[in-house]
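Protein chains: 4
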Amino acid sequence: MLNIGIIGAGRIGKVHTQSIVNFVRGAKVTAIADPFITPETSDWAHSLGIEAISKDYHSILHDSSIDAVLICSSTDTHSPISLEAIAAGKHIFCEKPIDHDIGRIREVLAALKSPVGQNLKYMVGFNRRFDHNFRAVRSAVVNGSVGKVELVKVTSRDPEPPSAEYAARSGGIFLDMTIHDFDMVRYLSGEEVEEVFVHPAVLVDPAIGAAGDVDSAVISLKLRSGALAVIDNCRRCAYGYDQRAEVFGSLGASLCGNDANSNAQVWSGSGATGEKPLFFFLERYMQAYATEVTEFIAAVENNTPVPVTAEDGLQAVRIGIAATKSSKEGRPVKLSEIAG
Amino acid sequence: MLNIGIIGAGRIGKVHTQSIVNFVRGAKVTAIADPFITPETSDWAHSLGIEAISKDYHSILHDSSIDAVLICSSTDTHSPISLEAIAAGKHIFCEKPIDHDIGRIREVLAALKSPVGQNLKYMVGFNRRFDHNFRAVRSAVVNGSVGKVELVKVTSRDPEPPSAEYAARSGGIFLDMTIHDFDMVRYLSGEEVEEVFVHPAVLVDPAIGAAGDVDSAVISLKLRSGALAVIDNCRRCAYGYDQRAEVFGSLGASLCGNDANSNAQVWSGSGATGEKPLFFFLERYMQAYATEVTEFIAAVENNTPVPVTAEDGLQAVRIGIAATKSSKEGRPVKLSEIAG
Amino acid sequence: MLNIGIIGAGRIGKVHTQSIVNFVRGAKVTAIADPFITPETSDWAHSLGIEAISKDYHSILHDSSIDAVLICSSTDTHSPISLEAIAAGKHIFCEKPIDHDIGRIREVLAALKSPVGQNLKYMVGFNRRFDHNFRAVRSAVVNGSVGKVELVKVTSRDPEPPSAEYAARSGGIFLDMTIHDFDMVRYLSGEEVEEVFVHPAVLVDPAIGAAGDVDSAVISLKLRSGALAVIDNCRRCAYGYDQRAEVFGSLGASLCGNDANSNAQVWSGSGATGEKPLFFFLERYMQAYATEVTEFIAAVENNTPVPVTAEDGLQAVRIGIAATKSSKEGRPVKLSEIAG
Amino acid sequence: MLNIGIIGAGRIGKVHTQSIVNFVRGAKVTAIADPFITPETSDWAHSLGIEAISKDYHSILHDSSIDAVLICSSTDTHSPISLEAIAAGKHIFCEKPIDHDIGRIREVLAALKSPVGQNLKYMVGFNRRFDHNFRAVRSAVVNGSVGKVELVKVTSRDPEPPSAEYAARSGGIFLDMTIHDFDMVRYLSGEEVEEVFVHPAVLVDPAIGAAGDVDSAVISLKLRSGALAVIDNCRRCAYGYDQRAEVFGSLGASLCGNDANSNAQVWSGSGATGEKPLFFFLERYMQAYATEVTEFIAAVENNTPVPVTAEDGLQAVRIGIAATKSSKEGRPVKLSEIAG
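Protein chains in written order, with the numbering used here: chain A, 1 to 340; chain B, 341 to 680; chain C, 681 to 1020; chain D, 1021 to 1360.
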């Protein structure tokens, strides 16, 4: 029986906690820590049988009965808490991104090579790799149905834009939103990115532009093998969360679409109408969140490799930084320009 | 070069004429006859290079330069003109049904066994057998993908009901409308029908009921092998002409849907909307009409079997008569009750 | 906090238990009883925090701390346990069918009108009413998109046939399998059935025929308003569990298809291939099982009507008996022939 | 009655001739010219009633009975023949591109402003604008369903690569193949292109690379309004001709897919399989070819604007030249760099 501590009891911390309680045999959430924990959250935690509730995550790191932690706190705390948790000998599941700063991600990677660190599992929360649709597309690549990969296309549009304040603090769209899509390109192709070119645009909210960010972009990528990839992003999508991918290769293509609440259609004089996609990430990726945590715990229990490594976390951030540079400088940027 | 005479210059006569002009190399429409021919139709025929235009089809039958006739006149004239045309040594394409009376169909079959008749091609116009979608379903049956056929389902709904006057003269829904679906069951299954049960209903227009007909029905059929079939009909369908089929068997199923003007979709806050099906038979089956005439002419030219025989015409009418009987008597009716 | 006792710890008993543990706040499974309970099942129950484990369901009925029971035992025990549980003042969720014998169902209905019974909730487990797809189709009927209902079509095919032994004990396909589809017709149309006609067939396994049952059928129904319905059943389906429905009405149609593990497709030289449907009821209806139990518990907690009543349970069995009679006698059977 | 002369009796010249013969009332092909005309082609032309067959297109230009010409000859002859035909006072339908050289296109535009030229219709053969699917997508833009356009995505993949020899002579993929997609971006968005960036690749045939061309590319475009567009191209596609588009805007999206020979599916133990797309342009765009010629002739007859102008022809070539430059120089290229 594995004991788990949850660091950060916001939305995603709660989702993971609930997944472990509901679906993961052999693991138990025994502690939760959040500096801003509310009485409601405490009650909720108690109702799930979690007894150790704290404002300070150090209580979790110091608790020798705890085997693994899930770092679900704010982005800027991911790498420092990771370092402390490694030092404390905890296995770690860290929400993406590890950090916006490559140097600090490097510190985490270094710590994982330390005598303590090298016995620990460290997994990054790129949840979309665990989505049933994207997994099926990846499967078709792995089993050879697609042949040699030549092009990966990722559509990723959020239903509603964040506030300009959020955008200003977010690290920019490429590190905040597209980072998932960069990981998806690496996941679906099984390849590293070599060059990025961005056509950015502010089409949704001028305030986002005023805050120094953009809200729409087409990102074109060259992969190491010479294959290509392209991502289109928008911070607002009238029909809901648009999350699709397509891999094209020498033998064919594999592609997936959105999920809706049902596949029912109404046929009438005005056409054939089906439901729009599920609203946003909590709706679309609920199954993926449960699967990723389940697989993290299985990797710890069985001492097998984690499905998303710290290196994966590093590469996605590097591409994000290159994309940000391309967006600002209006030219293609090679990954080799970004210290790795 | 085959010379063709068209008997009946109504809607379907014109469709076939146009198909031959546009698509059939090696055949030429040289004559057209219709007792009610209008000046507009004459002009139209002239513009296509048809010179012999007449009110009396006998002029076509007596024209020794004409090899084949298409009988597109009113239903009650199909069998008498067929008999005359056989006597005149013409190959015949006859619109469905040959006749509503089994005895008169039998006369046509007998004439086709006469010394003159046995050298003639006689094809019945069950156009849906030539539709690209239904052909693909049939193909999957023939190539074994479906395995042993166990169930055929046919959905057949017209966009708009006929007038009650038409219904009264039509021979009833089962001989007028369902007859196509009976042929479809035979075509898709490759089997003969053994028993029919009908649940009839008047749901669209009470005047159709008052005229002694029904406007909706579910027709359940037992085939000779023990396999089953079911047809659902309605004389009115708000979203257009609904023409679908499904064949289910030991190894799987093959099924087809409707055609629309385009496959474009609009995705918006109110869902994902595609176009409704093509409006009615002239839209949906334009390709099928051209193909059936092309195949008739090819059968004449190459002296090969026609794809829809007079026997096919007979069997569909027999099933229609059995269905009418079942509808009126509220019991399953065996085909053996209907003289064949 | 509602305390729940589970009677019958087979497959479906376990599914419901797990659903309550995972998804239902405000209810707790505190006891479980099964005459053939295995050590593995006991361990599983303990791991979920269920302490009262017994071979005799009377211990549950006698436990005054238990508010509601789920009857998941073998079909022949449903009605006697229902009667005992009503007498014991427990709210009841009973798996379908209540009984194969109308008289015994009547006894349950009578008990529910007794002084004790009339304060109790009694719900029948027609899980498909809670499936996201069928609910969306029903929604389109209720919100008027379909107009006046004229035809309900239900496709229901199991992936693999039961053994002939099972078939012999099952009450026959119409009470064992089609009963769900009869309920679906009533649910989607909101109407009562007036007449049933069956075309039965043994196409899958002759041993099922030898056991006095059939394995395939088309069932045609007339509803009280004059609307029609048709169900097609097969005990074996090569591509998995086929569960679809279509409601056709004066303004259009609403229809739903199967669910698959993903919507991914592979496009290659041999066509465009998507996944087959989810295998069987445990895969397809997992969400429906959780929703139905959640709604049962909500009805108990809030003292609101249950979504599937004992009367619903009765009517589905009546139609099943009428269908069995039609199948055996080869004629349409009116519901009025079956004592209600 | 309009008399038409066909210049160039290759594949596309024949397609247009046939379309006029079959579908266009009020126009007649009276002459055809091709320097390499074969006896078979002459026979075919005679069989369609075309009497003036020549090796020299000047006979068409000098024939005062001819009102309009279709220029279907090799690309390098399009602009010189256009100039001569304008001088001869013929209305002109010219296959794309007018020329690979902007200066020579400018000469054609100038000639169209001459006293003779300004009374002539000049239409460029961007056939895809007339495809039912792309038209329906454009319709949704025009009728406001999509809102303000923010992104256009065009997928365009040919089933089979041309020979390296062809590639060497073709002007390069961007002027030979992508030119259609550049026009599609302008058509669907209703906007001009401002900047182009290309990620080119040789993934299909190294000989194409050796010939100085590429066979795969992602092309990212910025439009004048700030909206974005992206095209993906490949010269080889295992599942056939892949021609899809998507327009995304403030209120939603409109998108279209490929056409297949039928919509039939086979459902089996290995999944649900539909047909692959129609093979290539002659299959997919047969309807579009007929419609474009019909609309050209209608514009001449009614003296209304042509749906694709010489200016449209110019702009597509300019974008193609900019894309070629971007591909070679590895940087975004502004349209303003290319003399217009």
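Source of the hints: derived by calculation from the structure; they are not laboratory data.
Every residue, glycine too, gets a C-beta built ideally from N, C-alpha and C.
Treat the hints with care, as some may be off.
[To be verified] Computed from the model, here is a short list of chain B residues facing chain C with C-beta under 8 Å:
| id | residue |
| --- | --- |
| 1 | PHE537 |
| 2 | ASP572 |
| 3 | PHE620 |
| 4 | SER676 |
| 5 | ALA679 |
Here is how each hint holds up against the structure:
1. PHE537: This hint holds: PHE537 of chain B lies near chain C, its Cβ roughly 5 Å from the closest one there, short of 8 Å.
2. ASP572: Because about 6 Å separates ASP572 of chain B from the closest Cβ in chain C, which is inside the 8 Å limit, the hint holds.
3. PHE620: This interface hint is violated because 17 Å lies over the 8 Å limit.
4. SER676: 14 Å, violated
5. ALA679: Violated, because the Cβ-Cβ distance from ALA679 of chain B to chain C comes to roughly 22 Å (cut-off 8 Å).
In this structure, the hints that do not hold are numbers 3, 4, 5, in rising order.
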